[in-house]
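J.: Please take these sequences and the hints and turn them into a complete structure.
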Amino acid sequence: KLMKAITSPQGMVLVTGPTGCGKTTTLYSILKYINKPSMNILTAEDPVEYELEGVGQVQVREDIGYTFASALRSFLRQDPEVILVGEIRDKDTVDIALKAALTGHLVFSTIHTNDAASTITRLQNMGTPNYLISAALSLIMAQRLARKICSECKVVDENVTPKLLNAIGLLPEQSARARTYKGKGCNKCNNSGFKGRMGIYEILEVDKELKQGILSNLGQNELYGIAKKNGFRPMQSMGHDLLLSGDLSYTEYERMLLT
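First residue of the sequence shown: 3, per this note's numbering; consecutive thereafter.
Derived from the structure by calculation, the hints contain no laboratory data.
All residues carry an ideal CB built from backbone N, CA and C; glycine is no exception.
It is possible that some hints are incorrect.
Quick list of the computed label-pair ranges, beta carbon to beta carbon [said to hold, decoys possible]: (1) E64 <-> G171: 39 to 45 Å; (2) Q222 <-> T9: 24 to 30 Å; (3) G201 <-> S10: 18 to 24 Å; (4) S194 <-> M41: 41 to 47 Å; (5) E160 <-> E83: 50 to 56 Å.
Within a straight-line C-alpha distance of at most 27 Å, the following computed BS3-like cross-link-like pairs (lysine-lysine) qualify [stated by the list, open to error]: (6) K6 <-> K230; (7) K34 <-> K3; (8) K150 <-> K165; (9) K213 <-> K231; (10) K210 <-> K6; (11) K190 <-> K210; (12) K38 <-> K6; (13) K197 <-> K186; (14) K230 <-> K165; (15) K3 <-> K210; (16) K93 <-> K150; (17) K197 <-> K150; (18) K213 <-> K230; (19) K101 <-> K210; (20) K101 <-> K34; (21) K6 <-> K213; (22) K231 <-> K3; (23) K101 <-> K6; (24) K150 <-> K34; (25) K156 <-> K190; (26) K197 <-> K156; (27) K101 <-> K38; (28) K210 <-> K93; (29) K186 <-> K156; (30) K213 <-> K3; (31) K34 <-> K6.
T.: Laid out in structure tokens, this is it:
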């Protein structure tokens, strides 16, 4: 679904999550993947975090009135195929970005929401009309950056009971036989019990049925129901897999996915 969205000639792809969860890194990786010499890619960032070869990058300066919205307006006069807007902060920016996504541009940006489904509500709360969201939005990816259990000092976490696992959504038969792990701390991980990080993701494709739901002004829970019926897997589900595979501790699951 992600590959389909990032290789389309137009549409908008949003990456969401809290500060420091790797949203910019994800978008830079996508730009590197789709970039080719013949392609005109322009980015507006605050700040430019690192330089990308073959990409026109500008830094917004809100103190002198050069905002994301004004950068976008100037970009549209330069005939880009791909546009990256560092962050959706206001109605002006989102409206121009969505209109660009409807007129032959592939647009990427980030937004601060807890999960993919609440992103649609956030856009609506900014005053963006449903027809614009429905027509232009292709895909929303929510992510977290979780600490990985240190493989050198990994031990079974005896404090995690089947009851706790049931409470976070595991099936009773899974909980009954599950073994979860934690790092007890060693000199390889500075006694933290963690070494390295990993991404936890959910990908919401804005398909025909979801577009119709947005147009019909359905609520967040109803849109979420449509998405789940069509195969959407929430981040918590990926978290369950990582918990059961021994990569993610219960405390880290709780910290990243239950708050």
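J.: Hints first: check each against the structure and report whether it holds.
T.: Results for each hint:
The beta-carbon spacing between E64 and G171, approximately 41 Å, falls within the hinted interval of 39 to 45 Å. One distance hint, 24 to 30 Å for the beta-carbon pair Q222 and T9, holds here, with the actual separation near 29 Å. Between G201 and S10 the Cβ separation comes to about 23 Å, which falls inside the hinted range of 18 to 24 Å. Hint check: S194 to M41, Cβ distance near 42 Å, so the stated range 41 to 47 Å holds.
For E160 paired with E83, a C-beta distance near 55 Å keeps the hint of 50 to 56 Å intact. The suggested pairing of K6 with K230 holds, with an alpha-carbon distance near 19 Å, which does not exceed 27 Å. At most 27 Å may separate the alpha-carbon atoms for a hinted pair to count; K34 and K3 meet this at roughly 18 Å. For the hint linking K150 to K165, the alpha-carbon distance of about 23 Å falls within 27 Å, and the restraint holds.
Only pairs whose Cα atoms come within 27 Å are accepted, and K213 paired with K231 is accepted, the gap being roughly 14 Å. Between the alpha carbons of K210 and K6 the distance comes to roughly 15 Å, so the proposed pair stays at or under 27 Å and holds. Taken as a hint, the K190 and K210 pair is broken in the structure, with Cα atoms around 50 Å apart against an allowance of 27 Å. For the hint linking K38 to K6, the alpha-carbon distance of about 17 Å falls within 27 Å, and the restraint holds.
Our distance criterion of 27 Å between C-alpha atoms is met by K197 and K186, whose separation comes to about 12 Å. Restraint check for K230 and K165: the C-alpha separation of about 25 Å stays at or below 27 Å, so the hint holds. With a CA separation close to 14 Å, the supplied pair K3 and K210 stays within the 27 Å bound. For a cut-off of 27 Å, the pair hint linking K93 to K150 is broken: about 37 Å separates their Cα positions.
For the suggested pair K197 and K150, the alpha carbons sit about 6 Å apart, so the restraint of at most 27 Å is met. Restraint check for K213 and K230: satisfied, since their Cα atoms lie roughly 14 Å apart, inside the 27 Å limit. Between K101 and K210, the direct Cα distance comes to roughly 19 Å. Compliance with the 27 Å bound is thereby established for this hinted pair. Taking the CA atoms of K101 and K34, the gap is about 24 Å. The hint holds against a cut of 27 Å.
Among the hinted pairs, K6 with K213 is consistent with the structure: their alpha-carbon atoms are about 17 Å apart, no more than 27 Å. Restraint check for K231 and K3: satisfied, since their Cα atoms lie roughly 16 Å apart, inside the 27 Å limit. Restraint check for K101 and K6: the C-alpha separation of about 20 Å stays at or below 27 Å, so the hint holds. The straight-line distance between the Cα atoms of K150 and K34 is roughly 26 Å, inside the 27 Å bound, and the hint therefore holds.
Our distance criterion of 27 Å between C-alpha atoms is met by K156 and K190, whose separation comes to about 12 Å. Between K197 and K156 the CA atoms are separated by roughly 11 Å; this keeps the pair inside 27 Å, and the hint holds. At roughly 24 Å between alpha-carbon atoms, K101 and K38 fall within 27 Å of each other, so this suggested pair holds. Annotation: proposed proximity of K210 to K93 holds, straight-line Cα distance about 24 Å (limit 27 Å).
Between K186 and K156, the direct Cα distance comes to roughly 6 Å. Compliance with the 27 Å bound is thereby established for this hinted pair. Restraint check for K213 and K3: the C-alpha separation of about 16 Å stays at or below 27 Å, so the hint holds. Straight-line distance between C-alpha atoms of K34 and K6 comes to about 16 Å, which keeps the hinted pair within the 27 Å bound.
Hint violations for this structure: numbers 11, 16, all remaining hints satisfied.
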